[in-house]
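Q: Starting from the given sequences, assemble the full structure and let the hints guide the process.
If you're matching them up, the sequences are chains G and W in order.
Quick note on numbering: the numbering used here labels position 19 of the first sequence as 19, and the sequence is numbered without any gaps.
So the number in the numbering used here is just where the residue sits in the second sequence, counting from 1, plus 113.
No lab work stands behind these hints: they were computed from the structure.
Check each hint, because a few of them may be wrong.
Heads up, simulated DSS-like pairs for lysine-lysine below, C-alpha to C-alpha not over 30 Å straight-line [said to hold, decoys possible]:
{"hint": "1", "chain 1": "W", "residue 1": "K181", "chain 2": "W", "residue 2": "K114"}
{"hint": "2", "chain 1": "G", "residue 1": "K83", "chain 2": "W", "residue 2": "K181"}
{"hint": "3", "chain 1": "G", "residue 1": "K83", "chain 2": "G", "residue 2": "K57"}
{"hint": "4", "chain 1": "W", "residue 1": "K114", "chain 2": "W", "residue 2": "K167"}
{"hint": "5", "chain 1": "G", "residue 1": "K42", "chain 2": "W", "residue 2": "K181"}
{"hint": "6", "chain 1": "W", "residue 1": "K168", "chain 2": "G", "residue 2": "K57"}
{"hint": "7", "chain 1": "W", "residue 1": "K114", "chain 2": "G", "residue 2": "K42"}
{"hint": "8", "chain 1": "W", "residue 1": "K181", "chain 2": "W", "residue 2": "K166"}
{"hint": "9", "chain 1": "G", "residue 1": "K83", "chain 2": "W", "residue 2": "K114"}
{"hint": "10", "chain 1": "G", "residue 1": "K42", "chain 2": "G", "residue 2": "K83"}
{"hint": "11", "chain 1": "W", "residue 1": "K166", "chain 2": "W", "residue 2": "K114"}
{"hint": "12", "chain 1": "G", "residue 1": "K78", "chain 2": "W", "residue 2": "K114"}
{"hint": "13", "chain 1": "W", "residue 1": "K181", "chain 2": "G", "residue 2": "K57"}
{"hint": "14", "chain 1": "W", "residue 1": "K166", "chain 2": "G", "residue 2": "K42"}
{"hint": "15", "chain 1": "G", "residue 1": "K57", "chain 2": "G", "residue 2": "K78"}
{"hint": "16", "chain 1": "G", "residue 1": "K42", "chain 2": "G", "residue 2": "K57"}
{"hint": "17", "chain 1": "W", "residue 1": "K181", "chain 2": "G", "residue 2": "K78"}
{"hint": "18", "chain 1": "W", "residue 1": "K167", "chain 2": "W", "residue 2": "K181"}
{"hint": "19", "chain 1": "W", "residue 1": "K181", "chain 2": "W", "residue 2": "K168"}
{"hint": "20", "chain 1": "G", "residue 1": "K78", "chain 2": "G", "residue 2": "K42"}
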Amino acid sequence: EPEVTQTPSHQVTQMGQEVILRCVPISNHLYFYWYRQILGQKVEFLVSFYNNEISEKSEIFDDQFSVERPDGSNFTLKIRSTKLEDSAMYFCGDAAELNYGYTFGSGTRLTVV
Amino acid sequence: KNEVEQSPQNLTAQEGEFITINCSYSVGISALHWLQQHPGGGIVSLFMLSSGKKKHGRLIATINIQEKHSSLHITASHPRDSAVYICASSGSRLTFGEGTQLTVNP
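A: Now the structure itself:
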């Protein structure tokens, strides 16, 4: 069964450093998403991406964050100048069509120290 | 703003019991998702439904659009069903509930 692949599974970084979280969506899916889950809290929406541009972003997704699809297959989330409160599990998700079923990656656990 | 509420937050059952997890949402939505999250953190999609009822194995999901309410049922529960079950409403994005931690004891 097709799956969404996320790398790395764990990342520890120093506060102030930049991190790039990577996702390989299912090949014929068109809608891509990043969500995050701070430990003990509910999953929160960060950003959606369609047709090579951001279609929607939450208030969390400020100038510290960026997304891109550099080579037509990978979908990346970059966090600049990480803060302690960026520590969370970050999930990539995709869907074949809008309001279609989602497939999620297994997540990247980011720890900022 | 859509709010998604789940109950109960925690549920402990004996193997074989019938389990129900409830979800309510505050505004009209295009679909409601039920998801499963295992201790490692990964999220698996169980159901997406916009009306009526869906069944997959021992899992059944129902939705009442008028009452803005959905339920997830597990029949003949088993310890391997132990996980966090999350409902999420669908519009242009998913809005997640807090999740229900289910523990099924042998």
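Q: Hints first: check each against the structure and report whether it holds.
A: Outcome of the hint check:
For the suggested pair K181(W) and K114(W), the alpha carbons sit about 14 Å apart, so the restraint of at most 30 Å is met. Between K83(G) and K181(W) the CA atoms are separated by roughly 38 Å; this puts the pair beyond 30 Å, and the hint is violated. With a C-alpha separation of about 20 Å, the suggested pair K83(G) and K57(G) falls inside the 30 Å cut-off, and the hint holds. Taken as a hint, the K114(W) and K167(W) pair is honoured in the structure, with Cα atoms around 27 Å apart against an allowance of 30 Å.
For the proposed pair K42(G) and K181(W), the alpha carbon gap of about 20 Å is at most 30 Å, so the pair holds. A hinted pair counts as satisfied when its Cα atoms are at most 30 Å apart, and K168(W) with K57(G) does not qualify at roughly 33 Å. With a CA separation close to 16 Å, the supplied pair K114(W) and K42(G) stays within the 30 Å bound. Proposed proximity of K181(W) and K166(W) is supported: the alpha carbons are some 14 Å apart, at most 30 Å.
Our distance criterion of 30 Å between C-alpha atoms is met by K83(G) and K114(W), whose separation comes to about 28 Å. For the proposed pair K42(G) and K83(G), the alpha carbon gap of about 19 Å is at most 30 Å, so the pair holds. A C-alpha spacing of about 26 Å is found between K166(W) and K114(W), which places the hinted pair at or below 30 Å, so the restraint holds. Taking the CA atoms of K78(G) and K114(W), the gap is about 28 Å. The hint holds against a cut of 30 Å.
For the proposed pair K181(W) and K57(G), the alpha carbon gap of about 25 Å is at most 30 Å, so the pair holds. Only pairs whose Cα atoms come within 30 Å are accepted, and K166(W) paired with K42(G) is accepted, the gap being roughly 25 Å. Distance restraint check for K57(G) and K78(G): the Cα-Cα separation of roughly 14 Å lies within the 30 Å cut-off, and the hinted pair is therefore satisfied. In summary, the hint linking K42(G) to K57(G) is supported, as the alpha carbons are separated by about 17 Å, within the 30 Å threshold.
For a cut-off of 30 Å, the pair hint linking K181(W) to K78(G) is broken: about 37 Å separates their Cα positions. For the suggested pair K167(W) and K181(W), the alpha carbons sit about 17 Å apart, so the restraint of at most 30 Å is met. Proposed proximity of K181(W) and K168(W) is supported: the alpha carbons are some 19 Å apart, at most 30 Å. In summary, the hint linking K78(G) to K42(G) is supported, as the alpha carbons are separated by about 22 Å, within the 30 Å threshold.
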